[in-house]
Structure formats: C-alpha cells, structure tokens
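Number of protein chains: 2
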Amino acid sequence: MTTPPETQSEEDRKARASRWFAELRDRICAAFEAIEDELAGVNAERFAELAPGRFQRTAWERGGTEGDTDSDSRGGGVMAVLRGRVFEKVGVNISTVSGRFSPDFAKQIPGAEEDPSYWASGISLVAHLRSPLVPAVHMNTRHIVTAKAWFGGGSDLNPMYPDEADTADFHAAFKVACDRHDPDYYPRFKAWCDDYFYIKHRGEARGVGGIFFDYLDSGDWEADFAFTRDVGEAFLEVYPTLVRRHMTEPWTEDQRRHQLVKRGRYTEFNLLYDRGTKFGLMTGGNPEAILMSLPPEAAWP
Amino acid sequence: MTTPPETQSEEDRKARASRWFAELRDRICAAFEAIEDELAGVNAERFAELAPGRFQRTAWERGGTEGDTDSDSRGGGVMAVLRGRVFEKVGVNISTVSGRFSPDFAKQIPGAEEDPSYWASGISLVAHLRSPLVPAVHMNTRHIVTAKAWFGGGSDLNPMYPDEADTADFHAAFKVACDRHDPDYYPRFKAWCDDYFYIKHRGEARGVGGIFFDYLDSGDWEADFAFTRDVGEAFLEVYPTLVRRHMTEPWTEDQRRHQLVKRGRYTEFNLLYDRGTKFGLMTGGNPEAILMSLPPEAAWP
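In the order they appear, the protein sequences are chains A and B.
Under our numbering, think of the first position of the first sequence as 1, with each following residue one higher.
Under our numbering, think of the first position of the second sequence as 1, with each following residue one higher.
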C-alpha cells in the first residue's frame with residue numbers, strides 16, 4: 001500500500017480486488033467453522049455422530065469448453081465446501097477468470113460489444129442449513145473488467161419461516177454499509193434485489209430480500225471497491241448473528257419438509273433465472289463450483 | 001368415424017388429436033394403478049403403511065399471464081398425479097391451449113413468424129419411482145397448429161442403474177413403432193433423442209435415450225397422427241413391463257442416495273434446457289402442471 005491509489009494500474013486494481021475476495025473467503029470460513037464448534041444442546045445431540053464441520057478446499061483450472069470460444073481462456077478458482085452439523089452444505093467459492101465472450105454472450109455485457117475480452121473475479125457463497133429455523137443465505141461480490149470495469153454483488157436472506165427481527169437486522173446491516181457511501185444505494189439496491197430474486201412463474205419472492213447491485217462504476221474505483229468491501233463486512237457481521245440466534249432451537253419433521261419445498265423453489269430460481277449461474281455455465285466455468293449453490297436435498301412433493 | 005378422413009376439417013383433426021391424448025391418459029392411469037395394486041413382497045412390506053396409489057385429477061384453466069400477450073388465450077388441462085408405493089410421484093398431464101405467442105417467442109416457432117396464433121394439445125408424463133432399481137421415464141406427444149401443423153413427442157428412459165436388457169427392450173419397442181411408418185424414423189429420432197437429452201454442462205446424457213421427434217409434418221396428417229398414436233401405444237406396452245421386472249427387488253440406502261443425485265441431474269436438465277418447460281412457462285401454462293416433472297426428492301450432496 002505504498003503506491004498512492006491514483007497511480008495504480010488496472011493490473012494493481014485487479015490484484016487488489018482478487019486478494020480481497022480471498023481474504024473475505026478466509027474470514028467467512030473461519031467464522032462458520034467457529035459456529036460449527038459452538039453448537040450445543042438438543043441439536044448437537046441430534047447430530048452427535050457428526051464432527052463439527054470443516055471447509056474442504058478444491059482448486060480448479062479452466063479448460064476451454066463449448067461455451068468458450070477462446071482458446072486462451074485462463075484462470076480458475078477454489079471451491080470451499082463445508083458439510084457440517086449447523087451448515088448442512090455451504091459453498092464459498094472464489095474465482096478469477098479471463099478470456100473472450102462468445103459473440104452472442106458479448107452482446108449482453110457492457111463494454112464487450114466491440115472487444116469481447118473480459119476479466120472477472122469474485123466470491124460467491126450459498127449456505128443451506130440443517131435447521132429449517134435458520135435462514136439460508138446467498139452473498140456474492142465481484143469485479144468485472146471489459147472495455148469498462150465495474151463491481152457487482154449483494155446478499156439476500158432466504159428464511160423458511162420469515163422472522164421479523166431477522167429480516168430487520170439483515171436489512172439494517174446492509175443499509176448501514178450502503179449509507180456510508182451513498183444515501184441512494186440502499187433504496188436502489190434493495191428494490192433491485194426484490195426485483196431480481198423474484199420467482200416469476202410462481203409469482204413469489206425467493207426470500208425476504210437484501211441488496212443487489214451490478215454495473216457499479218461511479219467513476220471513483222477506490223470508492224466502489226470500498227463499498228464492495230463494506231458489503232462483505234456487513235454480511236460477515238450480521239449473518240453469523242442470525243445463525244447463532246436460531247441454531248439451538250428444536251424443529252419438527254413438518255418444518256423440515258417445508259424447508260425442502262422452499263429449497264425446491266430456490267433451485268427453480270437458480271436454474272431458470274440466475275444470471276451468475278448462466279454466466280458461469282456460458283463462460284466455461286466449473287459446473288461443480290457453479291452448481292454448488294444447489295441445496296443438499298430438495299423436494300417437489 | 002363416418003366422415004372419410006380426407007373431408008375432415010382442421011377442427012375435426014384437432015378434436016381427434018385431443019381426444020386421443022385423453023384416451024391415452026386414461027389407459028396409462030389404469031395401467032399404473034394396476035401396478036400399484038400388484039406390488040407384493042419386501043417392497044410391499046417396506047411401504048405397508050401406504051395404500052396402493054390412485055391418480056388424483058385436477059383441472060386447471062388458463063388465465064392471461066405476463067408471458068402471454070393475448071387477452072383471448074384459452075384452454076386448460078387436467079393434471080393427474082399419483083403418489084404411491086411403486087410410483088413415488090407420477091404426473092400424467094393433458095392440456096389443450098390456444099392463443100397468440102409473444103413476438104419474441106413467435107420467432108422461434110415454425111409458422112408463427114407472420115401470424116402468432118397457435119393451438120396446442122398434448123399429453124406429458126414423467127414418472128419418478130420409489131425404487132432406484134426401476135427406471136424413471138418421460139413420455140410426451142403433442143399436436144401443434146400455427147400457420148403450419150405438426151406432431152412432436154417421444155419418450156426416454158432414465159435408469160439410475162442402466163440395465164442392458166431394459167435399454168434394449170425400450171428401444172426395441174419404439175423401433176417397432178417407428179419401422180411400421182418409415183424406416184428412417186427410428187435412426188433419426190433415436191439420434192435426436194440422444195442429442196436433445198444431453199446435459200451439456202455436465203458432459204453427460206440424461207438417461208439411456210429412446211426417441212424424440214418434432215415438427216413432424218409428412219404431408220399426410222392421418223399417417224403422422226397414426227405414428228404419434230403408435231408412439232403412445234409402444235410406451236404403454238414396454239414401460240409397465242420394465243416396472244414389473246424390477247419393482248420387487250430390494251434396494252439399499254446407498255442406491256437410494258445415488259437415485260437422488262441422478263434426480264438432481266434430471267432437475268438441472270428440465271430447468272436449464274427443456275423446451276417443453278420453457279414453452280409452458282412462456283405461454284402462461286400452469287406452473288404446477290409444468291413443474292410436475294420435477295422429482296419428489298432430489299439431492300446435490
């Protein structure tokens with residue numbers, strides 16, 4: 001950090017963004033493993049045969065695939081997956097990839113119309129909990145560079161049984177992070193989240209919202225990067241609180257069944273509508289890493 | 001049947017096709033209920049608390065929805081669902097709908113480029129079995145009328161543990177049906193099936209194939225309708241044989257887990273690639289009926 005920001009090159013900025021995503025991943029993994037250790041009471045007894053979960057990391061590298069028209073596509077990522085006694089399955093993936101978009105896909109991406117080259121780095125997290133009383137969650141932040149450069153991301157809460165205090169606390173945490181940067185961010189990004197995470201064919205919201213932003217390029221890269229970091233920090237502060245609040249509560253088989261049905265709806269959203277899923281599959285990403293978001297069990301009874 | 005075919009109007013032909021789909025549905029439902037009654041041995045004991053399954057029918061009517069730009073869209077269908085002791089969940093749906101395609105969707109449909117009006121009728125079946133040793137299956141036949149008119153459909157077998165004799169018998173039944181009409185049909189429609197039911201991002205086939213055909217308009221409506229009926233008859237002959245062959249075999253928890261994972265792949269295919277699912281959701285069909293194809297339980301462990 002001895003180079004003043006204004007003299008940093010694009011390569012420096014890319015490296016800083018990627019490094020931050022990896023650091024955030026490390027801190028989230030540590031926080032979730034601490035929760036796995038802490039579980040006590042009836043639910044610790046219920047899963048007495050399970051050791052506290054630990055993340056397993058698997059690195060992958062990108063090979064050229066059908067969706068990727070460029071033979072010099074590069075990069076890869078690391079999947080970190082924990083299957084534990086609080087977190088039934090949580091994936092925290094980071095990836096940094098570059099290449100050239102296929103002509104069709106390039107049309108949909110800002111700055112790629114003329115030169116389809118891209119660089120993309122990000123962190124993506126989805127947590128599916130054993131308890132139907134602990135909300136599932138998604139969080140993602142990313143930096144994408146074409147002829148333009150922008151940040152995107154957000155986080156949304158997916159309770160099986162919405163709880164007013166949880167919803168309020170989750171939104172409050174992201175509002176604080178947003179307000180620190182721009183008073184317009186929270187209302188805009190909250191509305192965008194509600195709009196984005198809507199399961200059109202069911203006529204229902206996927207969860208209780210949060211924030212969603214994309215194409216964020218205020219003209220001040222440092223400010224946008226700082227905001228993106230604050231979104232990660234807000235997630236790390238609020239979500240473990242919600243998990244601890246509910247993780248020791250007992251649940252019934254009926255509640256579990258309801259959870260599996262809600263997870264079915266989550267699956268429908270991810271496969272039918274999610275842009276991150278499409279982006280990943282279209283750019284020759286690792287399907288195991290991309291589909292890590294799918295629930296360990298789901299039901300369409 | 002007193003009117004000679006060559007003097008029949010398009011309305012007569014539509015009515016005959018729709019009537020056939022409903023008759024086939026009735027015969028399939030009866031055949032599957034007979035299998036539910038027949039189950040004996042360890043698997044009947046395993047599900048002793050369950051009565052032999054019976055189809056529940058639910059009629060639905062189409063209302064205008066977002067995907068449907070025409071206020072005079074009409075029609076509806078009947079979902080028939082059985083949740084039993086052999087069939088964990090099987091849906092046999094018929095529907096007859098008409099309306100006007102949205103401009104974007106019309107571009108993809110033969111004969112709809114200039115006049116987006118359509119009429120469509122069909123039967124669609126997906127069976128998910130309790131036993132991981134009994135193959136899941138899909139079958140669909142349909143008649144679609146725009147400025148053009150054609151038949152489409154097919155059937156593919158989705159075993160969790162492919163069995164050479166099952167695969168051979170399944171293909172043989174459809175080959176006989178095809179060969180009765182045109183020696184080119186079976187090789188063409190088998191290849192089309194392999195191509196269509198391919199899970200691109202996984203680099204794997206959904207199942208062991210069968211036949212798939214679309215836009216079938218040989219110029220002889222009677223012959224095409226007769227072929228389409230024979231596809232339904234072939235299904236009705238061969239699939240119950242395969243179910244009976246395996247339904248009394250005991251299975252293990254490991255085999256069940258493998259089944260749930262294969263069902264996850266099935267779900268990925270249906271939501272990411274299946275044209276019938278997209279067609280249904282885009283034309284304001286009933287999402288409950290369209291997504292009836294999704295498995296009662298699935299896993300992404």
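What the hints contain is simulated information worked out from the structure, not anything from laboratory work.
As the structure is a computational prediction, the values presented were derived from the model and not from experiment.
Keep in mind that the hints are not guaranteed to be accurate.
Note: identical chains are not told apart, hence a pair may lie in one copy or across any two.
What the hints assert, rightly or not - Cut-off 20 Å, straight-line C-alpha distance, at most; resulting in silico cross-link-like pairs (SDA-like, lysine to any residue):
| id | residue 1 | residue 2 |
| --- | --- | --- |
| 1 | K148 | V78 |
| 2 | K278 | I199 |
| 3 | K175 | D214 |
| 4 | K175 | D12 |
| 5 | K190 | A165 |
| 6 | K148 | D220 |
| 7 | K148 | W251 |
| 8 | K200 | M292 |
| 9 | K200 | S73 |
| 10 | K148 | W119 |
| 11 | K200 | F105 |
| 12 | K200 | M282 |
| 13 | K200 | A226 |
| 14 | K107 | R19 |
| 15 | K200 | R62 |
| 16 | K278 | H181 |
| 17 | K200 | G276 |
| 18 | K14 | F47 |
To see whether the hints hold, each was checked on the structure:
no., hint, in the structure
1, K148 with V78, "neither (26 Å within a copy, 51 Å between copies)"
2, K278 with I199, "both (16 Å within a copy, 14 Å between copies)"
3, K175 with D214, "within (17 Å within a copy, 52 Å between copies)"
4, K175 with D12, "neither (30 Å within a copy, 62 Å between copies)"
5, K190 with A165, "within (17 Å within a copy, 56 Å between copies)"
6, K148 with D220, "within (13 Å within a copy, 56 Å between copies)"
7, K148 with W251, "neither (49 Å within a copy, 56 Å between copies)"
8, K200 with M292, "between (23 Å within a copy, 17 Å between copies)"
9, K200 with S73, "between (34 Å within a copy, 19 Å between copies)"
10, K148 with W119, "within (10 Å within a copy, 46 Å between copies)"
11, K200 with F105, "between (23 Å within a copy, 17 Å between copies)"
12, K200 with M282, "between (22 Å within a copy, 11 Å between copies)"
13, K200 with A226, "neither (33 Å within a copy, 38 Å between copies)"
14, K107 with R19, "neither (29 Å within a copy, 46 Å between copies)"
15, K200 with R62, "between (33 Å within a copy, 16 Å between copies)"
16, K278 with H181, "neither (30 Å within a copy, 41 Å between copies)"
17, K200 with G276, "both (17 Å within a copy, 17 Å between copies)"
18, K14 with F47, "neither (42 Å within a copy, 58 Å between copies)"
Hint compliance for this structure: hints 1, 4, 7, 13, 14, 16, 18 are not met, and every other hint is.
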